[in-house]
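Chemist: Once you've looked at the hints, dock chain F against the given chain W.
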Amino acid sequence: MKVTFPRMGTLDIPLKAFFTSLGIEVVVPPPISDKTISLGARHAPEFSCLPLKINVGNYLEAYEMGADTIVMAGGVGPCRFGYYAQVQREILADLGINYDMVLLEPPKGHLGETLRELWELTGRASPARIFRAGRLTWAKLKLLDEVERLTAKARCREKNEGQAGDVYRRALTWIDAAASPGEVALAGERIRRAFAGVELKDVVPLRLGLVGEIYTVLEPAANLYMERFLAKLGVEVERGIYLSDWVTSHLFLDTLRMRRGQRAVEELAKPYLGHSVGGHGLESISYSIQYARRGFAGVIHIGPLTCMPEIVAKTILPLVSKEWDIPILTLFLDEHSGEVGIQTRLEAFVEMLWARREQREKGRVSR
Amino acid sequence: MKVVGIPRALLFYHYYPLWRDYFAGLGVKVVESKPTNRVILLAGLGTAVDETCLPVKVFYGHVQELKDRVDYLFVPRLVSVEKGAYICPKLLGLPDMVRHSLSNLPPLISPTINFNRRGQGLYKAILETATLLGVNPVQALYAFVRARARWRRWQALQHGGLSPMEAWAVLEGKGGGLPERKGKGLRVGVLGHPYNIYDPYINMGLLDRLREMGVSPQTAEMLPADIIAFHAGRLPKRLFWTLGQYVMGAAGHFMQGGNVDGIIHLISFGCGPDSLVGELVERRARRKGFPFLLLTLDEHSGETGLLTRLEAFVDTLQWRRGKE
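Chains W and F supply the protein sequences, listed in that same order.
Read in order, the letters of the first sequence correspond to residues 68 to 434 in our numbering.
Read in order, the letters of the second sequence correspond to residues 629 to 952 in our numbering.
For reference, chain W alone in the conformation it holds in the complex (with noise of 0.2 Å):
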């Protein structure tokens, strides 16, 4: 058996982590590229969103280099997300491709069927063994959030172009190559040191926060690396949701009532959106609130085009940018879109954030 998955971001260094400490054989899909990306939208529904088509592409690619067995987590809806992978097992089996699909469904009201599918995937492996898995998974995807995060804080002020981008790119080898959760920790300790490395110049970045559809938002190849992009412009992005954030909310902590702050993200919202719409509709929404309270410079927004649960959030935006005196750029994302329309379309937004800060500081100043 030969383990893949859909790739999201940095997800698959957690994810080979968690099969391979269990004696699985994974077979990584290459980084997500063009031909990923036309290769999926060729194959799946014209009207379908961005990411299930890009998992189209990670299946193929990764059939080409051995995989037999895909992982994919499930979902009840309303989203879309959660019927991906049985119109993806369809467009497999009508290219007559032999792929046995394991689905994780988020457990409606206990753990143990989540557990069970996983202990049946790993031929019965002893919990403890699991739990040692499950162990290094989580400290390699908490530490990939730091990275992203020290990544943002640098990208923007470094003296050298370039230079964060490297230790984000060494940073990641790092933790791929952490065995145990004590290596993590180490890898986290050099990573902190390089990062402290980069020469930063004196400067106050725009803050922007960045909120949507988890994918588009955690696969810079579908949000056409526009992070990288913010930076060069002097931004500093802050995300919504960070990769642990979906690993909890999707397949474990639903269920045990963890989310704590789910509460008080619904509240922020209700006096714009009265109910949950499935995906990060709502999320979109309280966190631009969130973002405007912490005085961020403005919010973008970021979903797959026909996204439903975003479209809800795009047509109640404006509003919560007019209320909070936050501006907001809404863009929705497919195979179609092209890095330059979209880099114009930052641009544009970036200068008038800039002068409105320019103003404000001047208004200040004469007051």
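No wet-lab data here; the hints were simulated from the structure.
Because the structure is a prediction, the values reported are computed rather than measured.
It cannot be assumed that every hint is accurate.
Stated by the list, open to error - Lysine-lysine pairs mimicking DSS-like chemistry, simulated, CA-CA at most 30 Å apart:
#1 W:K83 to W:K226
#2 W:K299 to W:K337
#3 F:K657 to F:K802
#4 F:K695 to W:K389
#5 F:K802 to F:K695
#6 F:K657 to F:K695
#7 W:K337 to W:K389
#8 F:K752 to W:K337
#9 F:K695 to F:K752
#10 F:K695 to W:K337
#11 W:K69 to W:K83
#12 W:K389 to W:K429
#13 F:K630 to W:K337
#14 W:K337 to F:K711
#15 F:K865 to W:K69
#16 W:K268 to W:K429
#17 W:K220 to W:K69
#18 W:K83 to F:K865
#19 W:K209 to W:K69
#20 F:K657 to F:K630
#21 W:K83 to W:K209
Stated by the list, open to error - Quick partial rundown of chain W residues pointing at chain F, CB under 7 Å, derived from the structure:
#22 F114
#23 V143
#24 P145
#25 M168
#26 L386
We treat Cβ as the ideally placed atom computed from N, Cα and C, and that holds for glycine.
Modeler: Then chain F, alone, in the frame of chain W:
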């Protein structure tokens, strides 16, 4: 007398008699918006976000057609009408979308109906609307029970082959049941959401055109619920969209002894659930070699294009039948 307005769009086509009779039973006057026309469509296009689907844009248009002549607008939040399933994210957010993007609206009546969560079922919705309109809850409950009985009769009439509005005419004692339908005996299953199939302005008179060609259209609404449930239940994983289950269930029936010559699937551009459900249906039809026509509606759809494709499809069906 207070006037409650019901937009003639989206789930209107599922629930009209229920909503109408219920509010009438509360002692208010009920009006609905005019059938979709150009003015309504343009009003919707001008106010809804570009990326949303055509039916939501049409809904926006109907709200604007109604808003100045009613005291309340009925825009329910239908989260889920059966356990373990949803309508669609956009419909979950509909009252908020409408409220925050259209101005000068009368107060909305938008009870939440969610069968997935205890305490958000029908009784709460009834209590809420009754309180809002100053009606005794017992009277409201009684009005609901009566309205539901008539709604079920309306559904039964549709199982007999009537369209929703024809069935409504029969309920009101104004219509004579099944109109006479001549024909070459071709039968086509028309899949799609009622707000697309039964809004002739949006689909450019699809059902009438079929009938003019001598084809008898069959829809999911004409099928008994157990047949729909049986065929929808054959998927490896249950669909969590109620409307998707209708499409899938009807498609399964049509393709397996459903006595139709072909299937037309009418979807609106940008419909999220249909992008997946439609794919599953199309793949099944293709594997079986079952005649299948996909029609995608958007605000730019042209009448000639639709007619040409429809004629070509019907020709194919006739040719196939002749060969047999």
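Chemist: Work down the list of hints and note, for each, if the structure agrees.
Modeler: Verification of the supplied hints:
For a cut-off of 30 Å, the pair hint linking K83 (chain W) to K226 (chain W) is broken: about 34 Å separates their Cα positions. The suggested pairing of K299 (chain W) with K337 (chain W) is violated, with an alpha-carbon distance near 36 Å, which exceeds 30 Å. As the CA atoms of K657 (chain F) and K802 (chain F) are separated by approximately 20 Å, the hinted pair is consistent with the 30 Å bound. With a CA separation close to 24 Å, the supplied pair K695 (chain F) and K389 (chain W) stays within the 30 Å bound.
As the CA atoms of K802 (chain F) and K695 (chain F) are separated by approximately 28 Å, the hinted pair is consistent with the 30 Å bound. Distance restraint check for K657 (chain F) and K695 (chain F): the Cα-Cα separation of roughly 14 Å lies within the 30 Å cut-off, and the hinted pair is therefore satisfied. Under the criterion of a C-alpha separation no larger than 30 Å, the hint pairing K337 (chain W) with K389 (chain W) is consistent with the structure, at around 16 Å. Under the criterion of a C-alpha separation no larger than 30 Å, the hint pairing K752 (chain F) with K337 (chain W) is consistent with the structure, at around 19 Å.
The straight-line distance between the Cα atoms of K695 (chain F) and K752 (chain F) is roughly 26 Å, inside the 30 Å bound, and the hint therefore holds. This hinted pair checks out: K695 (chain F) and K337 (chain W) have alpha carbons roughly 24 Å apart, not beyond 30 Å. Of the supplied pair hints, the one linking K69 (chain W) and K83 (chain W) holds, its CA atoms being roughly 11 Å apart against a limit of 30 Å. Using a Cα cut-off of 30 Å, the hinted pair K389 (chain W) and K429 (chain W) holds, with the two alpha carbons roughly 22 Å apart.
A distance of roughly 29 Å separates the Cα atoms of K630 (chain F) and K337 (chain W); the hinted pair therefore holds under the 30 Å criterion. Taking the CA atoms of K337 (chain W) and K711 (chain F), the gap is about 24 Å. The hint holds against a cut of 30 Å. Simply put, K865 (chain F) and K69 (chain W) have alpha-carbon atoms about 25 Å apart, close enough for the 30 Å limit, and the pair holds. For the given pair, K268 (chain W) sits about 23 Å from K429 (chain W) by alpha-carbon distance, which is consistent with the 30 Å threshold.
In summary, the hint linking K220 (chain W) to K69 (chain W) is not supported, as the alpha carbons are separated by about 38 Å, beyond the 30 Å threshold. For the hint linking K83 (chain W) to K865 (chain F), the alpha-carbon distance of about 27 Å falls within 30 Å, and the restraint holds. Restraint check: the Cα-Cα separation between K209 (chain W) and K69 (chain W) comes to about 26 Å, which is no more than 30 Å; the hinted pair holds. In summary, the hint linking K657 (chain F) to K630 (chain F) is supported, as the alpha carbons are separated by about 6 Å, within the 30 Å threshold.
Straight-line distance between C-alpha atoms of K83 (chain W) and K209 (chain W) comes to about 15 Å, which keeps the hinted pair within the 30 Å bound. With a least beta-carbon distance of about 4 Å to chain F, the hint placing F114 (chain W) at the interface is held under the 7 Å criterion. A cut of 7 Å between beta carbons decides the hint on V143 (chain W): the least distance to chain F is about 6 Å, and the hint holds. Below 7 Å, beta-carbon pairs count as interface contacts, and P145 (chain W) has one with chain F at about 4 Å; its hint therefore holds.
Taking 7 Å as the C-beta contact cut-off toward chain F, the hint placing M168 (chain W) at the interface is violated, the least distance being around 10 Å. With a cut of 7 Å, the hint placing L386 (chain W) at the interface with chain F holds, because the nearest CB-to-CB distance is about 5 Å.
Checked against the numbered hints given earlier, this structure breaks hints 1, 2, 17, 25; the rest are met.
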